Amino acid sequence: MLTAFAIFSDGLVYAAYLFLVAVGLTLIFGVMKILNVTHGSFYAFGAYGAATAAGVWFDRGWSDAGGLLFMVGLAMLIGLAIGIVLERGILRFVYGKDEVVIVLVTYAVFLILEDVIVLVWGPRSYAAYQPMVAAGSIDVGDLTLSNYDIGMVVLAAALAAFGYWALKFTRYGKLLTVVIFDREVAAAYGINVKVIYTVTFLIGAMLGALGGAVMAPKISVTLGIGVEVIVLAFAVVAIGGMGSIEGALIGALIVGFGRAAAVHLVPQVELFVIYAVMALVLGFRPHGLFTQPAPRKI
Amino acid sequence: MSRLSTIACRTFGLATALTLGSVVAASAQQPAAPAAPPIKLGIVSFLSGPAASPFGVPGRNGAEIVIEALNAGKAPAPYNTVGFAGTKIETKFVDEAGSTAQVVTEFRNLVQRDQVDAVVGYISSGSCLAVTPVADELKALTVYFDCGTPRIFEEKPRKYVFRPSSHATKDSTGAARYLVARKKDITLFSGINQNYAWGQDSWKDFVGAMNVLAPKAKVDKELMPKLFQGEFGAEISTLLTSKSQALHSSFWDGDLESFIIQSSARGLQKRMPFIGTTAESSIWRLRDKLPDGTIVGGRGPHGPLAPDNELNTWFKTIYMDRYGTPPTYPSYQMALSLLGLKVAWEKAHKAKGSKPTTDEVVAAFENIEYESPSGTVKMALGNGHQGIQATAYGTYRFNKQKGQPELVDVVRFAAECVNPPSDKSSEEWLKAGMPGAKC
Amino acid sequence: MSAILSVRDLEKTFGSVVAARDISLDVPAQQTVGIIGANGAGKTTFVNMITGHLSPSKGSILFEGNDITGLPSRTITRLGISRSFQVAQVFPSLTVTENMWAAAAIARGRDSIIARALTPLDTPEAKTEADAAMELFQITRYRDARAVTLPQGVRKLLDIAMAVAGSPRVLLLDEPTSGISIEEKFGLMDVVMSALKTRRITVLFVEHDMEIVGRFADRVLAFYDGTVIADERPETVLANPRVQTFISGTKPAGEGAVHA
Amino acid sequence: MASRGTLIGAAAFAILAAGAPLLPQWLVSLSTIAFANALVVLGLVILWRTGLVPFGQALFYAIGAYAVALLGRYTPVRDVFVVVIAGAVCAGIVAYLVGFLLARYREIFFAMLSLAMSMILYGVLVKTETLGSTDGFHVEAGSFFGWRPQGAMRNLALFWLVLGCCAVAAVLVARYFRSVAGALAIPVRDNEIRVEFLGISVDRLIHLKLVISGILAGMGGALAALAVQHVDPQMAYWTTSGGFVFVTILAGAGSVAAAFVGSLAFELVRSIAVDLLPGAWQLILGSALLLTILFLPEGLGSLYARLRRRKEETAP
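Protein chains in written order, with this note's numbering: chain X, 1 to 298; chain L, 1001 to 1439; chain U, 2001 to 2260; chain H, 3001 to 3316.
Hints may be right or wrong, so weigh each one.
Below are the EDC-like pairs computed for lysine to aspartate or glutamate, each with C-alpha atoms no more than 16 Å apart in a straight line [claimed, not checked]:
| id | chain 1 | residue 1 | chain 2 | residue 2 |
| --- | --- | --- | --- | --- |
| 1 | U | LYS2058 | U | GLU2011 |
| 2 | L | LYS1159 | L | ASP1136 |
| 3 | L | LYS1139 | L | ASP1359 |
| 4 | L | LYS1243 | X | ASP142 |
| 5 | L | LYS1156 | H | GLU3140 |
| 6 | X | LYS33 | X | GLU184 |
| 7 | L | LYS1316 | L | GLU1137 |
| 8 | L | LYS1092 | H | GLU3129 |
| 9 | U | LYS2197 | U | ASP2144 |
| 10 | L | LYS1270 | X | ASP142 |
| 11 | L | LYS1074 | L | GLU1366 |
| 12 | U | LYS2058 | U | ASP2009 |
| 13 | L | LYS1226 | H | GLU3129 |
| 14 | L | LYS1270 | X | ASP139 |
| 15 | U | LYS2127 | U | ASP2144 |
| 16 | X | LYS33 | X | ASP98 |
| 17 | L | LYS1040 | H | ASP3275 |
| 18 | L | LYS1183 | L | ASP1409 |
| 19 | X | LYS97 | H | GLU3107 |
| 20 | X | LYS33 | H | GLU3129 |
| 21 | L | LYS1400 | L | GLU1416 |
| 22 | H | LYS3127 | L | GLU1222 |
| 23 | L | LYS1378 | L | GLU1416 |
| 24 | L | LYS1204 | H | GLU3129 |
| 25 | L | LYS1347 | L | ASP1321 |
| 26 | L | LYS1092 | L | ASP1114 |
Keep in mind the hints are simulated off the structure, nothing from the lab.
For clarity, every value in this text was computed on a predicted model and none was experimentally measured.
Looking at chain X on its own, in the form it has when it is part of the complex (with noise of 0.2 Å):
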C-alpha cells in the first residue's frame, strides 16, 4: 500500500518534471516541424538565470516567495532573449530547408551555447535551493512529501490545462491548430506563418527556461545539465507524438510511473525504462501515441 502511493506520487513528481521539459519542445515541433535541440540550452539557461537571481535575491534576505516568482521572471526574460536572436537572427533563414538539417543547424547551436554557459557563468556549479528548503513538507502516512515537489505538479497540471484551453478556445490557438494542420492552407488564408513561427518559438524557448528555472531549486545547476535533458524531452515527446500537448502529457505520465514502479520494484531495470518503454511504442505507433500518421496523398 505504501508502495503503491509512493509510486503513484512519484511517478506523478516526475511526469510533472517530463512535461515542463517536453512541453516547449513538443510545441516548437508541433507548429513549425523543428525539432530543436537547443532546447537543452534553453532549459540550462533558464537553470543558471534561475540561479543567478536566487544569488541575488537572497543574499539580500528577501522574501522566499518573491525570490521563486523573481527567478522563474529572470529565467524566462533569458529565454526569451536567446530565442530572439535565435529565431530572428538564424532559424529564419533556414526555415523550409529540409526538417533534419534544421536539426543539424539547432545542434549547432546547442554546442556553442553549451560554451557560452562557461564563458558567461564559468565552470562551477550553482545551487538555489532556498525556494525548495522554506517550502518545506509533509508527512503522509509514513512517507514526508516536499511541498515543492506537490507544487511543481500543480504548475505541471496548471500548464496543461492551460495549453489545452488556450489551443482550443483563444484566437492564437486556432490560428495555431490551422498552422500545425498544414502550413499552406494557412497561408493561403491569410494566416501570417511568421509571425506565428516567431511567436511560438519564441513561448517554445520561454517554456524550456521555464522548465529549467522551476528545476533549479531541486538541483545542482551545473555544465552539462541541459545534454541530459535533452535526450529525456525527446524520447517523451516521441512516446507522446511528436508535437501534441495531450501527447507530451501522457508520454510525460507513462515514463514518469514506468520508472517511479521500476526505482521501487525492479531497479534493475530503470536505466533502459524510458527507452524501451519508447521503442516498444514506436514499434507499434511509428508516430507516436497521439499522432496520425499523415495519410499518403495520391
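Following the hints, position chains L, U and H against chain X.
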C-alpha cells in the same frame, strides 16, 4: 550516369593535401632549441562538461599554483628548488572531455607533437584505462592524479604510468570502517550510487568491506540511478520506506548536491545518516544545507581531513589567495602528483648530474615515499607505481557562529589499514576478509 | 478469348463509409476502357484497388487468371499492371532521361534487392529502352530538363512513359488530362493512345471529359455512389439518362433520377 | 567516366600509403582514427542520400568495436583481418535485424527510433559490470597474419590496414551508388510512391542501405577499437552518433571521397581547436557546422545543392 551516380574519389587528393599540409604546419611549430629548454608538462583535466566544476577546474587550479610556486622556488622545503631540479616548468593544458578516441588522440598529440616530458592528469577511470597502454607504447612518463579504478595496476604491471593518489578501494573500506566504529550494532544499510563504473565499484567495495566488518548487517535498498539524473524523487521515497540505519553514496557534485537538497527537504537524513565518500568537495557550497551528522569523506586525507602540517598550510594559503575558496580534494591530488614527480625527477637528476631521461625518472619514481599537503605518500603497490595514503572520515557539522563547515570526530586510518597489500587485488583482498590490514 | 482482367464483387469500405461496392466486370485484352463518374463516385478507389494501393474489403481481382487481390503494388506492377497518377508522380530533382532510366532499370531487373545492388543502373539496354520510350511519347526534346521544371502536359507524358517502361499488359491512367488546358488535351491523348496502341496495352483510363471518352474509349464504365451504373459502348453509356443526370450533367436532375 | 576519379583516388591512396612513414606519428594516429570514422560517415552518406539521418549510428559502431574487444578477451582470435571482418559482420547482422523495424520509418521518426536503439545498447553496456561498465576495457593488439609489430610500426601497420579498408569500401560503395539499388536513393527521397509503383520495394531498398551502412559503421568501430585499444559504452551514446552526423554535414553527401576528406578535416579542426582554445572547442566546432550549413552549401556536394533547389521550389 551523371547525376544519379557519384564520381568516386575526386576529392581524395584533397585529403592527401590536408594531411601533408598539416605536417608542414606542425614542423613549423617546433621552436629552434634554446639554450636551457624548460621542462614541458602536459596537464589533462576536464575543462568542460559536468566533471569540470567539481574535479577538472580544481585540479587545473591546483596545477597552476603549485607550478607557479615551484618555478618561483617559493614552495616550502624540501620542495624549494626552482622548478624541477632548477629547470623551470612549462605547462600545456588540455581538455579531457570527448570520446575515449579523442582522449587517446590528444595524449598522442601531447607526447609526439608537443614533445612534453611528462603528462600529468586524467580524472575519468575510462581515460586512464585507455591511456595506460598507449603511455607504455610511447614510453611516455604519465602521472594520473584523480582517476580511481584499481584495475590499472591490478590487471597488468605498468612501466611508464604512475598514480601517487591512492585508488578508490580505500574510500569504501574507510567509509565502512568509520561507519562500523560509530554504529557497532548496525543491521541494515542501503546504498545509492550512480549507474556507471565508479558508482558500481564503490558500492561493491563498500558492501564487501561491510561483509567483513559487520557480518550481521544486511543490504536493504540497492539503488543505481542514471548518471546525472538530477531528479531523485522515486529513490528518496524508496529509501523513506526502508528501515536502513545508514545510506552509502559515492555521488559527486551535481548529483550529490541535488540528492542532498531533495532528500533533506523530505527529511531522509533524520531517518538514516548519509555517508558521502566524496562529500568533502561539496561542503563549501552546501554549507548549512548539508545536514549535521553526515559522514564525510574526501577520497583521502585532503581538505579539512588533511593533516595539520606546514605543506598543507602553505597549499591552503596560496590556493585561498588565488581562488577565494579552500582547495578541495582534486586540488590536493594534483598537488601531491606534481610533488611526487618533482621528487622522482630530482632524485634521477641528482644521480645523473644532468637532465634525466624518461627511463631514469621512471626508475627513480618507483617505490619512493614523500610528504605532501595531505600527508605521506608511499608508492607501495603495483611494483611501486601506485601510491597509498592514509585516509580519514569525519562527521559534518555546520558551525553557525563562524558560519563555516566543520568536520568533527575525524578518524584517520593508516594506509595499510584501508588499502590491499601489494600482492592482492582489491577484490581478492575484500573477499578474503581484508587479511593483513594494519590499523 | 478470356478476359485479361476480371473483377468480382469488389467492395471497399473506410469505417462506415462505402467507397466502392458490387463491382464485377471483365476486361478483354487490348480493350480501351474509359471510366467516368463524379468526384467521390469511386473511380480512383477502383483504380487503387486494382493496382494494390488499397486492399479491397471484399471481392477478388484476377489478372490473366491469377488472383492478385490484396497484393502489394510493386508486385502487381511486376506482374504487368502499371498506372499513372492524377497528379503526375515523377522524380522532380532528376532530369527526364534520368527519370526514364530509373523506370527502365527498375522494370528490367530481377526482384531481388541484392541483385539490384549488383546491377548497374545505366545498362545499355535500359538506356535504349528509355530512349525509345521518350521517342514514343514525344518528350525527347525535354530529355535534359529537370522534371520539376517541365510543363504540366510533359510531366503527365513522362509519368505515363515511366509507367509503360515496365512493358505492362494493363495500364491504368488516372485522369491523364487533369490540369491540362482544353486545347492541349486532345493532342496529349492522341500521343498517349497511339503509343499504347503500338505496345498493344490494355488501357483503363479515368476521365471527366466526355468528348475524350467518346473519342478514345471502346467501352465506358460509369461510376455512381461507389458502383458501376452503366457498362457499355461509349455512345450507349453517354446516352443513358442516369449517366446524363449524375455524371455528364447534360440532363438536369429530376428526370430519370430514380434510384436503382 | 569514373576512370578519372578512380585514378585520382588511387593516386591519393598510394601517396598516403607510401608517405605515411614520413609523417609524424601523432598525425598517423590521428589519421587512422579519422579514416576509421570516415567509414561510418560513408555509411551515413548512403542513408542521407535517401533523406534519412540516423541519430543512432553509434549502435553499429559500438557493436563492431565490442565484437573486436570481446574476441580479444574471450577467444584466441587476434588476426586483425579476421576481427575487423567479424566486427563488420556482427554490426551487419544487427543492422539486418533492427532494419525490419527501422526501414518502415522516415524523417525525424527514423532518427528518433535509431537513437532509442543505440541508447538501449548503451544502457546494456553500462549495466554489464563484467565488461568494465562505463570504464570499458582494453582491446588486445592484433596480429597481421602472425606478424605482431610494436610501437611506431604497429601504428603504421594499422594505418595501412585502415587505408586498405577505406579503399575497398570506397570502391564498393562507388559501385553501389551506380547500381540500381544505390542510384534509386534520390528517387526514393523524391517520390516513394512512384518507386513502389515502378515495381520495387522502398522498405527493402532502405533495409539494404541500413545493412550496408551498419556494416561500414561496424568496420569503422572495429578499426577504431584496434587503433584506440580501448572500448567503452560512450561509443554507443547519442553524442557519438551526433558527431558522425556532424561530419556528414561537413563532408556533404556528394561523393564517396567527401566522407574521407570531411572526417580528416574534422579531426584536424577539432584537434587544433582543443589545442588553441581548450575551454571553448565546442564553440568552434558548432560555429563551423553552422557556417557550413548557412553559407557553404556548395561545399557540401551535389545532393545538398539539389535539396536546397528542391526546397526553394516547393517552399510557400
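Going through the hints against the structure:
In summary, the hint linking U:LYS2058 to U:GLU2011 is supported, as the alpha carbons are separated by about 5 Å, within the 16 Å threshold. Between L:LYS1159 and L:ASP1136, the direct Cα distance comes to roughly 6 Å. Compliance with the 16 Å bound is thereby established for this hinted pair. For the given pair, L:LYS1139 sits about 8 Å from L:ASP1359 by alpha-carbon distance, which is consistent with the 16 Å threshold. Simply put, L:LYS1243 and X:ASP142 have alpha-carbon atoms about 11 Å apart, close enough for the 16 Å limit, and the pair holds.
For the hint linking L:LYS1156 to H:GLU3140, the alpha-carbon distance of about 13 Å falls within 16 Å, and the restraint holds. At roughly 13 Å between alpha-carbon atoms, X:LYS33 and X:GLU184 fall within 16 Å of each other, so this suggested pair holds. A threshold of 16 Å between alpha carbons decides the hint, and for L:LYS1316 with L:GLU1137 the separation of about 38 Å lies outside it, so the pair is violated. At most 16 Å may separate the alpha-carbon atoms for a hinted pair to count; L:LYS1092 and H:GLU3129 exceed this at roughly 35 Å.
Restraint check for U:LYS2197 and U:ASP2144: not satisfied, since their Cα atoms lie roughly 27 Å apart, outside the 16 Å limit. The suggested pairing of L:LYS1270 with X:ASP142 holds, with an alpha-carbon distance near 13 Å, which does not exceed 16 Å. Taking the CA atoms of L:LYS1074 and L:GLU1366, the gap is near 26 Å; set against the 16 Å cutoff, the hint is violated. At roughly 7 Å between alpha-carbon atoms, U:LYS2058 and U:ASP2009 fall within 16 Å of each other, so this suggested pair holds.
Taken as a hint, the L:LYS1226 and H:GLU3129 pair is honoured in the structure, with Cα atoms around 15 Å apart against an allowance of 16 Å. Proximity of L:LYS1270 to X:ASP139 is assessed by CA-CA distance (about 13 Å); at most 16 Å being required, the pair is judged to hold. For the given pair, U:LYS2127 sits about 14 Å from U:ASP2144 by alpha-carbon distance, which is consistent with the 16 Å threshold. Straight-line distance between C-alpha atoms of X:LYS33 and X:ASP98 comes to about 10 Å, which keeps the hinted pair within the 16 Å bound.
Distance restraint check for L:LYS1040 and H:ASP3275: the Cα-Cα separation of roughly 15 Å lies within the 16 Å cut-off, and the hinted pair is therefore satisfied. Among the hinted pairs, L:LYS1183 with L:ASP1409 is consistent with the structure: their alpha-carbon atoms are about 13 Å apart, no more than 16 Å. A threshold of 16 Å between alpha carbons decides the hint, and for X:LYS97 with H:GLU3107 the separation of about 13 Å falls inside it, so the pair holds. With a C-alpha separation of about 41 Å, the suggested pairing of X:LYS33 with H:GLU3129 is violated against the 16 Å cut-off.
A C-alpha spacing of about 37 Å is found between L:LYS1400 and L:GLU1416, which places the hinted pair above 16 Å, so the restraint is violated. Pair hint H:LYS3127 plus L:GLU1222 holds up; C-alpha atoms about 14 Å apart against a cutoff of 16 Å. Distance check on the hinted pair: L:LYS1378 and L:GLU1416 sit about 10 Å apart at the alpha-carbon level, within 16 Å; holds. At roughly 11 Å between alpha-carbon atoms, L:LYS1204 and H:GLU3129 fall within 16 Å of each other, so this suggested pair holds.
Proximity of L:LYS1347 to L:ASP1321 is assessed by CA-CA distance (about 31 Å); at most 16 Å being required, the pair is judged violated. At roughly 9 Å between alpha-carbon atoms, L:LYS1092 and L:ASP1114 fall within 16 Å of each other, so this suggested pair holds.
Violated hints for the displayed structure, listed by number in ascending order: 7, 8, 9, 11, 20, 21 and 25.
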